[in-house]
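**Q** So the chains spell out like this:
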Amino acid sequence: MVEWTEQERSTINKIFGSLNYDDIGPKALRRCLIVYPWCLKYFGDFGATHNAEAIQKNDKIAKHGIVVLHGLDLALKNMDCIKATYAKLSVLHSEKLHVDPDNFKLLSDCLAIEIASLMKSDFTPDVQASFQKFLAVVVSALGKQYH
Amino acid sequence: MTSLTEKDKARIRAFWDKISPRAEDIGTDALARMLIVYPQTKTYFAHWKDQSPTSDSAKKHGITVMGGVGFAVSKLDNIKEGLLNLSELHAFTLRVDPANFKIISHCIMVVMAIMFPQDFTPQVHVSMDKFLACLALALAEKYR
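Residue numbers (full-length UniProt numbering), protein chains in the order written: chain A, 1 to 147; chain B, 1 to 144.
Examples of chain A residues toward chain B, derived with CB under 10 Å:
| hint | residue |
| --- | --- |
| 1 | R30 |
| 2 | I34 |
| 3 | Y36 |
| 4 | A112 |
| 5 | I115 |
| 6 | S117 |
| 7 | M119 |
Each computed BS3-like pair below joins lysine-lysine, with the alpha-carbon atoms no more than 30 Å apart:
| hint | chain 1 | residue 1 | chain 2 | residue 2 |
| --- | --- | --- | --- | --- |
| 8 | A | K105 | B | K130 |
| 9 | B | K102 | A | K105 |
| 10 | B | K18 | B | K60 |
Taking CB as the label site, the calculated pair distances span:
| hint | chain 1 | residue 1 | chain 2 | residue 2 | range |
| --- | --- | --- | --- | --- | --- |
| 11 | A | T124 | B | T64 | 19 to 27 Å |
| 12 | B | A140 | A | E95 | 34 to 42 Å |
| 13 | B | F45 | A | S121 | 22 to 30 Å |
| 14 | A | F43 | B | D119 | 20 to 28 Å |
Hints were generated in silico from the structure; no laboratory data involved. Note that CB positions come from ideal geometry on N, CA and C, so glycine has one too.
The task is simple: from the sequences and hints, build the whole structure.
**A** Take a look at the structure:
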C-alpha cells in the first residue's frame, strides 16, 4: 500500500481543489497529443487532428481532456486504495480501449507541465514531488490489469 | 531516433534567445528539482560534501549542465559531432545511466514552463523535447 504523509495529502488536495478542470483538462491532453503524436492512435474518430492547430481547435479532444482529468478524482477520493479503485478502469483501458500503458506516463508528464505553468513558483520541488508521486501511483494502477 | 527539422531548430533557437539570460537560474532550479523529485539521482553526487539540493555544489552543477545545453544549441546542425568531447566524458568518466537524461530533461522543461508559461507552448515543448532527446543520445553515443 502506498504511504502518504499529511504534507503530501494536503499538497495534492490543494492542487485539485483549486483546479479549473475545464481549462487544464483540454490543455494537458492537447499538449500530450502535440508532443507525443503517436498517442493520436487512440483518437481516430475524434475529427481533425492532423496538426497542432487542428488539435488545439478540436472540441472533441477538449471535452475528452476534461473527462480524463476528472478520472483523477477517483484517486483523490481513495488515496489509500488507488490500485483497487482503478481495477475496472484498468481493465477498460486494456481490454476495450487497447491503450499502451506507456502512454499514461506521457500524459502525466504533460499534466505536470501544465500545472507547473499554472502554479509557477508555487510549483516548488516538494510540490512537484508530491504531485508526481500521486500521478505515478495512478499510472501504475491503470497498468495493473494488463495481461 | 528522430532528427530535428528546420522548424524545430528555428523554434529552439528563438526560445533559447528568450531564455538564455536566465540559463543559470533554470539550471540550478532544474538540478535541485531532480535531486528532490528523483532521489535516486543523488547517487551520482556522493562525493559532494554538502548533498543538499541548494548547496553550492548543486548550484554550480546546475549551471554546468545548463551550459552544456546552451553549447548544444550552438551545435544544433550537428549535435553528435559537436558534443564528441562531452560524450567521451559521460561514457568513460561519469557513466551516468542514460535513463537519467530523461529525468533531467523533464526537470529542465518543468522549469521552462514555470518561468516562461506563455512561451513554452506545446509546439515549443515538442521541439525542445526532441532536442533534449537528441542531446541525450549524443551524450550516450560512446557508451558502447
